[in-house]
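2 protein chains.
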Amino acid sequence: MTIPKDARICLSAEEIPKKWYNLAADLKGIKPMLNPVTREPVKEKELEAIFCKEIIKQEMSKERYIGIPDEVREGYVALNRPSYLQRAYRLEKYLRTPAKIYFKREDMSPLGSHKGNTALAQAYFNAKSGITTLTTETGAGQWGTALAMVSNLYGLDSTVFMVRGSYEQKPFRKTLMNTYGCKVYSSPSMQTEYGRKVLKEHPETSGSLGIAISEACELAAQSGGTVKYALGSVMNHVMLHQTVIGLETMEQMKIGEIEPDYMVACVGGGSNFAGFTFPMMGETMRGKNECQYIAVEPEAAPSMSKGEFKYDFGDSAGMTPLILMYTLGSEFIPNAIHAGGLRYHGMSPLVSEACHQGFVKPVAYDQTSTFEAGVLFARTEGMVPAPESCHAVKAAMDLALECKESKEEKTIVFCLSGHGYLDLGGYEKFVNGTLESSAL
Amino acid sequence: MTIPKDARICLSAEEIPKKWYNLAADLKGIKPMLNPVTREPVKEKELEAIFCKEIIKQEMSKERYIGIPDEVREGYVALNRPSYLQRAYRLEKYLRTPAKIYFKREDMSPLGSHKGNTALAQAYFNAKSGITTLTTETGAGQWGTALAMVSNLYGLDSTVFMVRGSYEQKPFRKTLMNTYGCKVYSSPSMQTEYGRKVLKEHPETSGSLGIAISEACELAAQSGGTVKYALGSVMNHVMLHQTVIGLETMEQMKIGEIEPDYMVACVGGGSNFAGFTFPMMGETMRGKNECQYIAVEPEAAPSMSKGEFKYDFGDSAGMTPLILMYTLGSEFIPNAIHAGGLRYHGMSPLVSEACHQGFVKPVAYDQTSTFEAGVLFARTEGMVPAPESCHAVKAAMDLALECKESKEEKTIVFCLSGHGYLDLGGYEKFVNGTLESSAL
Chain A
514 MTIPKDARIC LSAEEIPKKW YNLAADLKGI KPMLNPVTRE PVKEKELEAI FCKEIIKQEM
574 SKERYIGIPD EVREGYVALN RPSYLQRAYR LEKYLRTPAK IYFKREDMSP LGSHKGNTAL
634 AQAYFNAKSG ITTLTTETGA GQWGTALAMV SNLYGLDSTV FMVRGSYEQK PFRKTLMNTY
694 GCKVYSSPSM QTEYGRKVLK EHPETSGSLG IAISEACELA AQSGGTVKYA LGSVMNHVML
754 HQTVIGLETM EQMKIGEIEP DYMVACVGGG SNFAGFTFPM MGETMRGKNE CQYIAVEPEA
814 APSMSKGEFK YDFGDSAGMT PLILMYTLGS EFIPNAIHAG GLRYHGMSPL VSEACHQGFV
874 KPVAYDQTST FEAGVLFART EGMVPAPESC HAVKAAMDLA LECKESKEEK TIVFCLSGHG
934 YLDLGGYEKF VNGTLESSAL
Chain B
514 MTIPKDARIC LSAEEIPKKW YNLAADLKGI KPMLNPVTRE PVKEKELEAI FCKEIIKQEM
574 SKERYIGIPD EVREGYVALN RPSYLQRAYR LEKYLRTPAK IYFKREDMSP LGSHKGNTAL
634 AQAYFNAKSG ITTLTTETGA GQWGTALAMV SNLYGLDSTV FMVRGSYEQK PFRKTLMNTY
694 GCKVYSSPSM QTEYGRKVLK EHPETSGSLG IAISEACELA AQSGGTVKYA LGSVMNHVML
754 HQTVIGLETM EQMKIGEIEP DYMVACVGGG SNFAGFTFPM MGETMRGKNE CQYIAVEPEA
814 APSMSKGEFK YDFGDSAGMT PLILMYTLGS EFIPNAIHAG GLRYHGMSPL VSEACHQGFV
874 KPVAYDQTST FEAGVLFART EGMVPAPESC HAVKAAMDLA LECKESKEEK TIVFCLSGHG
934 YLDLGGYEKF VNGTLESSAL
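First to last, the protein sequences are chains A and B.
Terminal number for the first sequence in our numbering: 953, no gaps in between.
Terminal number for the second sequence in our numbering: 953, no gaps in between.
Be aware that a few hints might be false.
Any copy, or any two copies together, can satisfy a pair, since identical chains are not distinguished.
Stated by the list, open to error - Here are the simulated DSSO-like pairs of lysine-lysine, each with C-alpha atoms no more than 27 Å apart in a straight line: (1) Lys-518 x Lys-531; (2) Lys-518 x Lys-767; (3) Lys-696 x Lys-942; (4) Lys-606 x Lys-767; (5) Lys-823 x Lys-575; (6) Lys-696 x Lys-606; (7) Lys-641 x Lys-518; (8) Lys-606 x Lys-531; (9) Lys-606 x Lys-641.
The hints are simulated quantities; they were obtained by calculation from the structure and are not laboratory data.
This is chain A alone, in the form it adopts within the complex (with noise of 0.2 Å):
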């Protein structure tokens, strides 16, 4: 007995991809975001207050391949990029399933999840244009933490506004981005106007994601152009960064020989999902192959299985521009779930529009099924995915499992965003069996 070939592939660090992948030169009718005041398109100009030249050219382009600059595939190097796409022989074993299933291993960051990817393409490019400080906001911890270590790589500060809920009770969260020398302020802070005045007002609140954001928007508005904000999803650019991931993983695939029937993530505002599937989409939009992608989203906000498709803000307060996506409501308030990066009412609009041209089959599952999931492949495989990814592992096994049933051998691959240790609460209450639903 030897190592199957493909129980694991992996790239060599110079195989890290040249130039990422955009979905926008295949997707046909994106419609543009508007101004909410004019309902005009929004122009370049009107976003040069929060973002750099660079990023907003990137967030227009329909160009369909974007090169990835030298300095930043040595940054991917730091992220243990390429990542491995490996076979989850244990799990068909234990599923007696003729299906073959493949995992694409985010996990494998030190940051712990894919976020590092975008934070770090969006840390040389503000740093290349003469920016000296990232500023953004964090719900769970995991896109803070993410900013806070790629800035040090490109010789940035960072500043974080942490809603004051994770704040309190994330500590470690808060030291994490501490180590990496970045400033964390609980939100609402002192450090902004529109902070003091929430403080004011509602000096109990325990702040929410759009106060952050527009706490962040603030510093980086009323900087005078020393500071800007950075995005960990929703926005085009950010898609585009993560594709990264897809495009490894269709390398990958190549040399595996593997062609997937389904092609399989989770979804919150879109990023891991576009990341993983864009690439392999976009073949798909040029009739070269037949793949199916599953966006897995939580019951507590399945933007795409029950939301509508429509002209929406991106955030709570109202203050973006008006994104064509499927949304629950600027402001629909998701039940509290341990898949914190998925609580998003709304969804990007590129996955929004190749769900909506019928490219995206959507599905969603109860917190409860996806860590008996997560458990389940932590027992088999080895590790222990990320609340969010459980998401993505459920879907695989019941795609499996459908497999076993009409004994057809397909090929599923699906992507683990993330490794669970620094979110070990749900399955605390998992294998307590204290763990609630979160149906919507």
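Starting from the known structure of chain A, arrange chain B on it as the hints suggest.
Okay, now just chain B, sitting in the frame of chain A:
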């Protein structure tokens, strides 16, 4: 600019070593363990109550190489082996040192540390010999987690006795073991005669590793042969299994044309240090190179720096065989430090003998200086080292600064034994300025 060849040196899954290296073949004058009553060398038979035969054979072996079964090599894939050897370009630049600094990535294991390398081997050999359950003690939780995870891979059950203090202070460690399907008992427990006795006499005790070891050994000894005990450090077979780290490193150094002047690793019981250095050290003993081996201790438990080389018990209760080693005395209780894995009164007999013969140079650091080094490493290279690994980082940095002084272009290779994401308490105190000194 392209990515430098030695930025990261990878091996494929097929390149996982096929044999472990046994230093006992090259290290002369090793003295046997003694039965504390008869003062006679311990016989294989005497160990059979708690260990399976294959493990005992490895413990006593003088063969230079011992084959790694294919099933174990397959299991190593699940632990992300081979791990990367990486160059710390950013750290070098920050330190302005002419030295080259490389580090071996044991933090890449889904377990977050090197502990799985031997846990997995022990699980395999026990499963093969018909054992149904493995049991062990755990303090901080790293070792218990490793055993819990790998037991699944070979269809074994696992039972871990966790020191009550940790059990109550680190609920997530218990959660993690439970997630892997492991039974975890707070020790002293009602599960064993010894545990019940201790609880009756000291109902308020916070437990100790000594008590937990006794409980695990009792469970194994009373099981009639279905339950065996697994040890995470100190003993020869544990060092043997860990040499997979050093064997990979040597292969990677060959590929990268790296000739180390120093190999550096932290030491508690010695398994990370031994695993990393022994294959190269064997060549030093055979006159093939002049590499120096730096073993980094905490000032709180400086067994080689300040201990005596003598026969002593491995545990505090005086129940193990007598072992010739560097020891601070089996009743020595180290100060509480965050690097829980380095709080041991003794040292692996192989590491001790190699040190006694001048092949190992011990150094000791206070924990504040090691966390400072860990933070600097996180900010330059991106990974947050485990508190134990911070000791190796600190020593490597000091060597690099010596090279800066002497303008020597030396090559330093250290082992990053694990990441710190499950142990951020020390970092929290460090970044808040409240970390206490830990000197003896």
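To see whether the hints hold, each was checked on the structure:
Taking the shortest alpha-carbon separations for Lys-518 and Lys-531, both the intra-copy value of 26 Å and the inter-copy value of 17 Å come in at or below 27 Å. Proximity of Lys-518 to Lys-767 under the C-alpha cut-off of 27 Å is found in both arrangements, the shortest distances being 13 Å within a copy and 24 Å between copies. Proximity of Lys-696 to Lys-942 under the C-alpha cut-off of 27 Å is restricted to the inter-copy arrangement: shortest distance 16 Å between copies versus 32 Å within a copy. Taking the shortest Cα distances, Lys-606 and Lys-767 sit within 27 Å of each other inside one copy (24 Å), while across copies they are farther apart (38 Å).
Taking the shortest Cα distances, Lys-823 and Lys-575 sit within 27 Å of each other inside one copy (22 Å), while across copies they are farther apart (73 Å). Only between protomers do Lys-696 and Lys-606 lie at most 27 Å apart by alpha-carbon distance; the minimum there is 24 Å, versus 47 Å within a single protomer. In this assembly of identical chains, Lys-641 and Lys-518 lie within 27 Å of each other by CA distance solely across copies; the values are 25 Å between and 41 Å within a copy. When the C-alpha separation of Lys-606 and Lys-531 is checked against a cutoff of 27 Å, the pair qualifies only between copies, where the shortest distance is 25 Å, while the shortest distance within a copy is 37 Å.
In this assembly of identical chains, the alpha carbons of Lys-606 and Lys-641 lie at most 27 Å apart only when taken from different copies (19 Å versus 50 Å within one copy).
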